[in-house]
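S.K.: Listed here are the chains, written in short residue letters.
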Amino acid sequence: MRVWPGALAMALLPVLALIAGQFLPAYPLRILDMILLYAILGLGLNIIVGYAGLLDLGYVAFYAIGAYSWALLASGQFDIHLPFALVLLIGASLAGLAGILLGIPVLRLRGDYLAIVTLGFGEIIRVLMNNLDGVTNGPQGIARIDEAHLFGWTLSTPHDFLYLLVAMLVVVFLFVWRIQESALGTALSAVREDQDAARGCGIDTTRVKLVAFAFSAFVGGGCGVVFAAMQRFVSPESFTFWESLIIVLVIVIGGLGNPFGALLGATLLILIPELLRAYADYRLLLYGMALVIIILARPRGIISRPFGPTWLMRRLGGGKC
Amino acid sequence: MGALILQQTINALTVGSIYALIALGYTMVYGVLRLINFAHSELFTAGAFIGLALAGALGIAGHPTGGLLVGLITFVLVGLVGVSVEIVAYRPLRGTSRLAPMLSALGMAVVIQNAVMLIGGRRPMIYPSFLPSGAIDVFGAVVSYKQITIFLVAVVLMVGLELFVNRTNLGVRIRAVAENAETASLVGINPNMAISLIFFIGPGLGAVAGILYSSFYGVATFTMGFVIGMKAFTAAILGGIGSIPGAVLGGFLLGAIETFGTAWMPVLTGGVIGTEYRDIFAFSVLVLILLFRPAGLLGEHVSEETRVYKSDF
Chain D
159 MRVWPGALAM ALLPVLALIA GQFLPAYPLR ILDMILLYAI LGLGLNIIVG
209 YAGLLDLGYV AFYAIGAYSW ALLASGQFDI HLPFALVLLI GASLAGLAGI
259 LLGIPVLRLR GDYLAIVTLG FGEIIRVLMN NLDGVTNGPQ GIARIDEAHL
309 FGWTLSTPHD FLYLLVAMLV VVFLFVWRIQ ESALGTALSA VREDQDAARG
359 CGIDTTRVKL VAFAFSAFVG GGCGVVFAAM QRFVSPESFT FWESLIIVLV
409 IVIGGLGNPF GALLGATLLI LIPELLRAYA DYRLLLYGMA LVIIILARPR
459 GIISRPFGPT WLMRRLGGGK C
Chain Z
38 MGALILQQTI NALTVGSIYA LIALGYTMVY GVLRLINFAH SELFTAGAFI
88 GLALAGALGI AGHPTGGLLV GLITFVLVGL VGVSVEIVAY RPLRGTSRLA
138 PMLSALGMAV VIQNAVMLIG GRRPMIYPSF LPSGAIDVFG AVVSYKQITI
188 FLVAVVLMVG LELFVNRTNL GVRIRAVAEN AETASLVGIN PNMAISLIFF
238 IGPGLGAVAG ILYSSFYGVA TFTMGFVIGM KAFTAAILGG IGSIPGAVLG
288 GFLLGAIETF GTAWMPVLTG GVIGTEYRDI FAFSVLVLIL LFRPAGLLGE
338 HVSEETRVYK SDF
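Just so you know, the protein sequences line up as chains D and Z, in that order. Just add 158 to the spot in the first sequence (first one is 1) and you have my numbering. Just add 37 to the spot in the second sequence (first one is 1) and you have my numbering.
It is worth saying that the hints were derived from the structure and are not from the lab. One should not assume that every hint holds.
Just the calculated beta-carbon pair ranges, DEER-fashion [stated by the list, open to error]:
{"#": "1", "chain 1": "D", "residue 1": "Ala178", "chain 2": "Z", "residue 2": "Phe297", "range": "55 to 61 Å"}
{"#": "2", "chain 1": "D", "residue 1": "His307", "chain 2": "Z", "residue 2": "Pro129", "range": "47 to 53 Å"}
{"#": "3", "chain 1": "D", "residue 1": "Leu259", "chain 2": "Z", "residue 2": "Ser222", "range": "41 to 47 Å"}
{"#": "4", "chain 1": "D", "residue 1": "Phe236", "chain 2": "Z", "residue 2": "Phe329", "range": "35 to 41 Å"}
{"#": "5", "chain 1": "D", "residue 1": "Glu395", "chain 2": "Z", "residue 2": "Val113", "range": "35 to 41 Å"}
{"#": "6", "chain 1": "D", "residue 1": "Asp291", "chain 2": "Z", "residue 2": "Gly39", "range": "33 to 39 Å"}
{"#": "7", "chain 1": "Z", "residue 1": "Phe329", "chain 2": "D", "residue 2": "Asp362", "range": "22 to 28 Å"}
{"#": "8", "chain 1": "Z", "residue 1": "Leu325", "chain 2": "D", "residue 2": "Glu305", "range": "39 to 45 Å"}
{"#": "9", "chain 1": "Z", "residue 1": "Thr306", "chain 2": "D", "residue 2": "His239", "range": "46 to 52 Å"}
{"#": "10", "chain 1": "D", "residue 1": "Leu429", "chain 2": "Z", "residue 2": "Ala40", "range": "56 to 62 Å"}
{"#": "11", "chain 1": "Z", "residue 1": "Pro129", "chain 2": "D", "residue 2": "Ser314", "range": "55 to 61 Å"}
Beta carbons: idealized from backbone N, C-alpha and C, even for Gly.
With the rest of the complex left out, here is chain Z (with noise of 0.2 Å):
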């Protein structure tokens, strides 16, 4: 039993790492733009793809230390796509509505998923590890090295990250254009900087999430993005959408929710609910936590009377 709920916290530490780190970059973008940046999905698979094509060039597939390199590498080519499918996609729908660039980012992400479908194809690929092999045994659960990497490289990553947004000076720039765009720009702050800078990082991230996420499973294929995508963007909300904590704590929480709500509701129903239920929890769960707190768990409760933007859409 131990064994048992052991097993199911190490499984559930590692899709929750995935789930943050692409959830990081949702929550990054929203809490600049306010925007729902579809085509960050479609970056994560992207990310998958380029780092197999990467492999394949270099001669390093399946070799961990290849692995950082093509990390690296692709965490820099999907960051420039993200910052020039900003450039091209939302920056001229600045200041118009805010339904404007959310469907431009549907249109972004069905031209990204379908660009990917073309270059790599429509069939799964089989996916080389870039993950060290073998497993350890912890009181009775299997923890695999694949594992124990994936949960490494993303407790790096967002230490990294909340390391450059709270103690860097581009940092301190980008934390200004979140809180007031207009008011940075008074004190000398270039906002399209700054969210370049996030168009940068956020698809990066999102980008290795996607190698992480292939080279465990051992596949790949153009549409896994979509249902990752929002179950990431749902994590985001549910931690806080715009708080970089939030999105971590939210990626973790929902790996945890859906783990343990698939194994134990069957038990707990008497088989009623079964395991096909799974993306359910995670909606419910959802559905149920913004009703008691509708700003996510560690966002910011901005009151109707202080709030600047007084019209939603």
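Looking at chain D on its own, in the form it has when it is part of the complex (with noise of 0.2 Å):
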């Protein structure tokens, strides 16, 4: 089998969004922005959801914990002001580690139950922000924040964030894929699909669970990190139940378990509503509409789980699929 077609296929997508985000203005190249960060954090609620069959509902907890590690680690907060590759660091693996945390005792549950104990993880840390006055300042959030800086480089305009938003989906996006592709995924979805025989083909369930959830909530940190660096403004309100929904249905919409559904999916749910945006009031209405249509028209996602980078490399490399 040929590797170079394949590849050269998924490099045309980063390459794409280099270029486009040479000609687009300010506002549609935030809007691309934005949709890069919700790939990436698809892409990292993948591991658990999709390969793991976990249904993680505070994803958003993880995030908060990245956005705030800048947020504290780089302003006047505290008048302390590292530099961003190592809070990027720091901010992706406490989010990592509160994944642990939180998993040792969550994990022996199983589905809603799994799914309503990390809502309450998301809602007691959006809480706890909005509670810990002297720490994060409350509701009214940390201003001020640092530029970032990443090895001379300044990052400020959404330009900036774009070449960094690319860099980060490809590095994300084949780790992801190798996990898919190794004896830990193969671990994944034995465990997906029947949790008894996966264990019973010596599979150590909670610890295969363990390290997903630990992947997945460090992903989510590192968004964390670079979302505070590019509002350069942090506050609970960001940080909502919904905003954890949101990330779900990227993946769900896109397709559950594949890593291009996750881009798919992000492309669509952040740019419905701003095509929406010239029917004011009637726009959240419409957004659940086409939400509900979606879903009825493809439940098992728009593109489904089979057809991932793999099917694309043999597909495009002559080998049998």
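Mind assembling these two chains? They're in different frames, but the hints should get you there.
M.R.: What follows is the structure in structure tokens.
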């Protein structure tokens, strides 16, 4: 099987995004940035929801941990000014750690109970941020966050963030795809399809779930750091339950367990409300209807699970499917 | 001190009745379809607004006897909305994955909330009380007639539901479908009929809760359903989702945890944890209970070996 055709086809997307970035004015560029950010979040959440089959309704908590890491470690709040690359690592690691700490007691639960406990965790994190006035500045949030500098390169315009987000997207995409193809990915899909049988095959189900949870949280935390650097303002408002649901919608509408699905889902979910902007008051009503219609038309997502990057590589590379 | 505890118990029972009424809708739907009906909380809001509109149209705002009529008509109207939501948005997705109907429910929640906003307006509406006014003094605690009425209405509805589910022919059908839809259809029960019935009763009860809630607080906003709905859902999980007595127990328990927690935590912790953590009590208790009793307090514990559904989503 030849590798190049598939790899080139996949490289086309980030290249297109970069080229488009050269010509787009600031406002559409910002939308493109948001699409990329949600695509990365979707890829991260896909590890836990799509591959391990565990519904996490509190993903925004990890995103918030990342965002507040940058807001607290690079602003006048405590007068700490750490470099962006370091905080990116710290924020993502803190989120990953939170994922492990939450996962240890919680992963014994199955299905909806897990969903509801993660929802509770998301709300607890948000209420804490709202009320720990001394640390997070409460509902007012933290403003005047530092400009991000990455190895001497200043990240301030949407255009700068486009480069960063495209790079992140490529890294996370490859990471998630390789997880899917690894022994861990196989173990995760065994857990998803039948947990008892997976245990019978000698898979330590709690451990693989925990690893998936940690990876997923790690990606969420990283996105949070970038989000805070992009907005240069954080407040608990940005991390409501609704946000968690949007990320779940991104992957379910795009295609559960399929990295391409996350990209498509993020594009649709960010673009539709923008396109409906002209309808003012009717915007959310139409948005809700669009969601229902898409789900009714494609209950398994627009690009379903088998048609992922591996399929594309094989298809274009002349190998067997 | 005694009067204070009594007062808080009464407040807890009032809030608990409302949570319990809403929780019933979540638990019944879940028991049969294993679906979290996110649209339920918005039907609660819709109930409050429809009640308001009816009161205006019939010219009986703020009258208890009129309230009964308004409650009945709202129950039926919102029940019918519930049935149509199920037919349009959930039925076509039955048998696909479990995530799809849940997110479709979410879409419906957005649609209903915004429909209420477009018709009822963005601003909070002053709500006429359908409940009798006045209060009595019980051992130093002030018990308003409103609170008594809310509690009584909730109890009557819950007892009625319990009798309906356990003592009538239709109730037997509902329970059979909840147990196993396929087997039920083998003995000649139409699962769609039972499911429609559930989507009539659940939202109907939620709508009545909406009228009670808005009458009690004197205000209705189009976004009020979200938080209440989330708490009612917590209550349903707390009691053991799928179980009708569980939803009632969970509702009252959550009301008590919130009321007493909010009142006593600042005292116990010397003001470190204040009333602003009200919403955290509910969730922390939920997380703790689930860790020790994963199926909720009255939920049936399904062992992993006998479970039919192996993959969750």
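S.K.: Taking the Cβ atom of phenylalanine 236 (chain D) and the Cβ atom of phenylalanine 329 (chain Z), is their distance within the range 35 to 41 Å?
M.R.: holds (38 Å)
S.K.: Look at the Cβ atoms of leucine 259 (chain D) and serine 222 (chain Z) and judge whether their distance stays inside 41 to 47 Å.
M.R.: holds (46 Å)
S.K.: Does the Cβ distance between leucine 325 (chain Z) and glutamate 305 (chain D) fall inside 39 to 45 Å?
M.R.: holds (43 Å)
S.K.: I want to verify a distance hint. Is the separation of the beta carbons of threonine 306 (chain Z) and histidine 239 (chain D) within 46 to 52 Å?
M.R.: For histidine 239 (chain D) against threonine 306 (chain Z), whose Cβ atoms are near 34 Å apart, the range 46 to 52 Å is violated.
S.K.: Tell me if the beta carbons of aspartate 291 (chain D) and glycine 39 (chain Z) are separated by a distance inside 33 to 39 Å.
M.R.: holds (35 Å)
S.K.: Within 56 to 62 Å or not, the Cβ separation of leucine 429 (chain D) and alanine 40 (chain Z)?
M.R.: Distance hint for leucine 429 (chain D), alanine 40 (chain Z) holds at roughly 59 Å.
S.K.: Return holds or violated for the Cβ distance of phenylalanine 329 (chain Z) and aspartate 362 (chain D) against the range 22 to 28 Å.
M.R.: holds (23 Å)
S.K.: State, for the Cβ atoms of proline 129 (chain Z) and serine 314 (chain D), whether the hinted interval 55 to 61 Å holds or is violated.
M.R.: For proline 129 (chain Z) and serine 314 (chain D) the Cβ distance comes to about 48 Å; the hint is violated.
S.K.: Range hint 47 to 53 Å: satisfied by the CB atoms of histidine 307 (chain D) and proline 129 (chain Z)?
M.R.: holds (52 Å)
S.K.: If I claimed the Cβ atoms of alanine 178 (chain D) and phenylalanine 297 (chain Z) lie 55 to 61 Å apart, would that claim hold in this structure?
M.R.: holds (57 Å)
S.K.: Honestly, do glutamate 395 (chain D) and valine 113 (chain Z) meet the 35 to 41 Å range at C-beta?
M.R.: For valine 113 (chain Z) against glutamate 395 (chain D), whose Cβ atoms are near 38 Å apart, the range 35 to 41 Å holds.
When held up to the earlier numbered hints, the structure conflicts with 9, 11 and fits the remainder.
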